[in-house]
Amino acid sequence: MDLSIAAFLTQDGVTNGAIYALLALALVLVFTVTRIIWIPSGEFVAYATLTLAGLQLGKPPGTIGLLVGVAIVAAAVETIATARRGEWRRLPRRLAAWLGIPLAVAAIVWWAAPLALPLAVQVALTLAAVTTLGPLLYRIVYQPIADASVLVLLIVSVALHFALTGLGLWFFGAEGSRTPAFTDASFQTGQLTFSAQALLVVAASAILIGALYLFFGRMLYGKALRATAVNRIGARLVGISPSFAGALTFALASLLCAFCGVLIGPITTVYYDSGFLISLKGFVGAIIGGLVSYPLAAAGAVLVGLLEAFSSFWASAFKEVIVFTVIIPVLLWRSLTTHHHEEDE
Amino acid sequence: MLVFVVALLAVPIVAPPFWVTLGNYIGLYSIVALGLVLLTGVAGQTSFGQAAFVGLGAYTTAYLTTRYGASPWLTLPVGLALTLVVALGLGFITLRMQGHYLPLATIAWGISLYFLFGNLEWLGGHTGMTGIPSLSLAGFDLKDERHFYVLIWGITLAALWATRNLLDSRPGRALRALKGGLEMAEAFGVNGARLKIIAFVYAALLACISGWLYAHLQRFINPTPFDLRQGIEYLFMAVVGGAGSVWGAIIGATLITVLKQMLQDVLPGILGRAGNFEIVVFGVLMILLLQFARNGVWPFVARLLPRRRPAPVPDAPPLPTRERTHDATRPLLEVKGARKAFGGLVAVNDLTFDIRNGEILGLIGPNGAGKSTTFALISGALPLTAGAILFRGESIGSHEPYKIARLGIGRTFQHVRLLPQMSVLDNVALGAYLRGTAGVARSALRLDRDEEARTRAVAAAQIARVGLGEHTFDDAGSLPLGKQRIVEIARALAADPSLLLLDEPAAGLRYLEKQALADLLRSLQREGMTILLVEHDMEFVMGLTDRLIVMDFGEKLAEGPPEAIQRDPLVVEAYLGGVA
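Note that the protein sequences, when read in sequence, are chains A and B.
The first sequence begins at 1 in the working numbering and counts up by one.
The second sequence begins at 1 in the working numbering and counts up by one.
No lab work stands behind these hints: they were computed from the structure.
On a predicted model such as this, the values are computed, not experimentally measured, just so you know.
The C-beta atom is built at its ideal place from N, Cα and C for all residues, glycine as well.
Take these hints with a grain of salt, some might be off.
Over the 12 Å line for every Cβ pair with chain A, so calculated as not near, a few chain B residues [to be verified]: (1) 95; (2) 136; (3) 354; (4) 434; (5) 469.
Calculated pairs, EDC-like style, for lysine to aspartate or glutamate (alpha carbon to alpha carbon, straight line, at most 20 Å) [said to hold, decoys possible]: (6) B/514 x B/504; (7) B/336 x B/559; (8) B/403 x B/323; (9) B/403 x B/504; (10) A/319 x B/334; (11) A/319 x B/121.
My request is simple: use the sequences and hints to build the entire structure.
Okay, structure coming up:
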C-alpha cells in the first residue's frame, strides 16, 4: 500500500464515517431522551435515498403512500386516545397535526415529483417527507409504551425494523438505487486527489453537528430535550410533556437519518433493506460513546468508517465481520472501565 | 400434560408428511426458545444472537462429519464446548453492564458469524455444505423424518423438563430474582453477574443442540437460517408464547412456525405480488402484543387450565445452622471511626459504637442524620471512606454484601424488596440461598430434592416463627405492607444470622401492626438474636430497645438507655430545635 492508496482509503473512511457519525448522534439523541434503542433508524436512511432517487426519476416516490398510510393510523390512534379522555374539543387541532401536516407534505411531494425541480429542492422534499415519518411512528409505536423497560422498547424497535423493511419492499420495490453525485469536481494537492463530493459530505456533517450543538446549547426546545434526557420525571414536573419531547426527538433524529440517506446515496447503491447494516455501523460508533456521549459517538463512528475502508482493502470479504467484531473489544473496554452497577429496570 | 404428550406422539403416526416436517421444525425452534425463556423471560436479559449459536452447532458437526468423517455423536460435545467458550466470553464482557449491551452485542455477533459462515471457503461459503450424514441411534438409521421426529421431540421434552426443574430450585429462585430484585438477591449471597452468564450459556447450549439436530435432519446447511433475522424470530417466539413459562416456548414456536407457513402461502395470493410480507405482519403483531399483552399468549392459556395446588412443605430436617461460638467479652459488632464521604459531603463522620451480643440496639436521629448511610456501611451496600467495621473481630468494611451475609448478618430493606409474583415461601427460601449448595446441573437433573426439601422446611419454619403460617403459599405481592415487612424479617431469619439489621421496620405500619412487630422482635431477642434497628418512630424504639445511639449531622450525639436519652438536652435540642 502506498501513500496515495492510504490517502484514498482515509478519505473514503472519513466520508463514510461522517455519515455514520450523523446516525450515531441520532441514536444517542433518541436513547438519552426516550431510552429507545432505535434499530429502525437504518430504514429511514434507506427511505431517504430511495425517495430522492424516485424524485430524480420524476416519479412519485413510495414514501408518499407510506406517509399517508402511517398518518391515517396515527390519526386513528390519536382519535381513540382523545375519545377515551373525552377531550373532543382538542381533536381538530390534534388531527391537524397528526393527519393534516403529513397529508400536506405527501401532497406537495406528489405534486412536485414530475416537475424535475433542481436537486436542492428535491433534497428538501426528501428531508421533509422522511422527517415527518419519525414522529408519526413514535406516536403509533412507542408513545403507548413509553414507560416500558429498555428491553421491551428494544424488542419493539426490532419488530418495527422488521415491519419497516417489509413495507420498504412493498413501497419502493426490490431494485436498488443510487443518486447522482452532487458534484463531480475534484482537486489535486501534490499526488493526493480530493473529491469535492467527499469534502461536501464531511462539511455537511460538520455543519449539522454544529447546528445540533447550538440547538441543545442555546434553544429552549433543545434545553427541554436535554432536561428530559437527564431526568424524565423532573422534566415533566417543570412542564415538559414527555410525548412532545419524544415526538420532537424523533423528528430531529429522522431528519439526521434523512440527511444520512441523502449523503450516502451517491456513494453506494441502496436497497430497501440496506439501512440495517448502515444503522448498525452507527450503533457501533454510538456504543463506543456508551450511548450517551455525543463527541465520543461521533469519533467512534469516524473510526468505524476508517476501519471499514481499510478492511475492505485488505480483506474485503470480511469487511462486515471485522467492523462488527470491533464491538467486542469496545464492550470489553467499557465493561472494565464502568464500575457503575445499576439496578436493572 | 398427558393430552399434550399423546397429541405429540400421534403426529408421526397419523399425520401427513407435511405436518411431520412442520412438527420437526417446531421442536427445533422450541429448544432454542426454551433457552430464551430462561434468559429473557426469567433472568431479564435479551439475546438476538441465538441463531448464531444454532449455526455454531450446525456448522461444527457439518464440518467435522463431512471433512473428517467424525461420528455425529462426537461432534455434539465439540460443538457444545465451542459454544460454551463463545458464550462465556460474550457473557463475561457484556453481562456486567446494563441490560441493553447484551442484546446489542448479540446483534453484532449474529451478523459477524453470518458473514463469516458465508465467506469462509472451507465452510462452503454462501452455497453451504452438503452430504452431512444422517444420525443413527444404536444401529438404527434415522433417515426417515418420522423417526427423526421422535428424537427431536425426545430432546425437546428433556429440555423442557430440565428447564422446569431448574426454575423450581435454589438457582431458579435466584434467577427469578434477577429481574427487579438484583440488589436484594445479592444481599442474600446471589452472585448476579455469574447467574446471568449461566443463563446465557444455558440458552446458548440449547441453541447449539438445536443446530446439531438441524444439520443432521436437513443434511445440508447454508448460512441463511442462522442470520440475524432468524435470531430475532427466536426471540419473537419466546415473547409471543410467553417468556415467563416453559410452555410459552412451545406455544410461541408453534404459533410463529404455523403462522409463517400460512402467511407465506396466503399473503402473496391476497396482495398479488411476491415478497417478504410475513415480516410486516410479524412486526406489527409483535408491536401490538407488546403494547397490549406483554406477557404473551401463555397467561391466557394458563387461565383456562386448573390452577395447580402448591406442593405441601415436606417434613424434612432443617439445613445445618452455623456454629455460634462467640467471645463473650467482645462486642458482636464494632464500628470504629467509620466515615463516609460523597464528594465533599460527609454523611457519616468518625462514628464509633458497639453492638453487644443479644441486645436490641436502636439507631435514631432526625432526617439526614446519616442513619441510613450507617446502615448501608454495615450491610456492605456502600464502601467505607475511612475507619473500620468489625464483626466478631473480623473486618467487614470492604466486603461485598454477600460476604457479609455469609458471615451471619441478615438485613431487611427500608422499601420492601419482595418478589411480588413469587409465593411467600419462595421469597423466604431465597434468604436461605447461602445455606444450600445445589447448582444448575444438579437442579436441572432433579438431584437437589433432598436439599430443596430441607430449604423449604427452613423457610416454612421461619414463616411460622414470625406468625405468617397461613400466608405461606400466597403471592408475596398480595399481602398488606405490614405483613410484607414481616416477610422481609422471615427472609432475613432464613439466612440463619446472628445479627439482624432492620431498616425502618415500623415505617408505614398501623398501631396494632407495630405492637405485633415489637412482640416478634422481643421474642427473637429471647431466642438469642442480636438486633440493630434504624428507626424514625420514637415511641416504638423507646419501648423496645436496650440501648440507643442518637445521630445528628453524621455524628454520634448521644448513647445510652432509652430513659437517659429521652432526658438528654442535646437530643431534645436536635429533635425539637432548641429549648427556649
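Need the list of violated hint numbers for this structure, in ascending order.
Structure breaks hints 1, 9 and 10.
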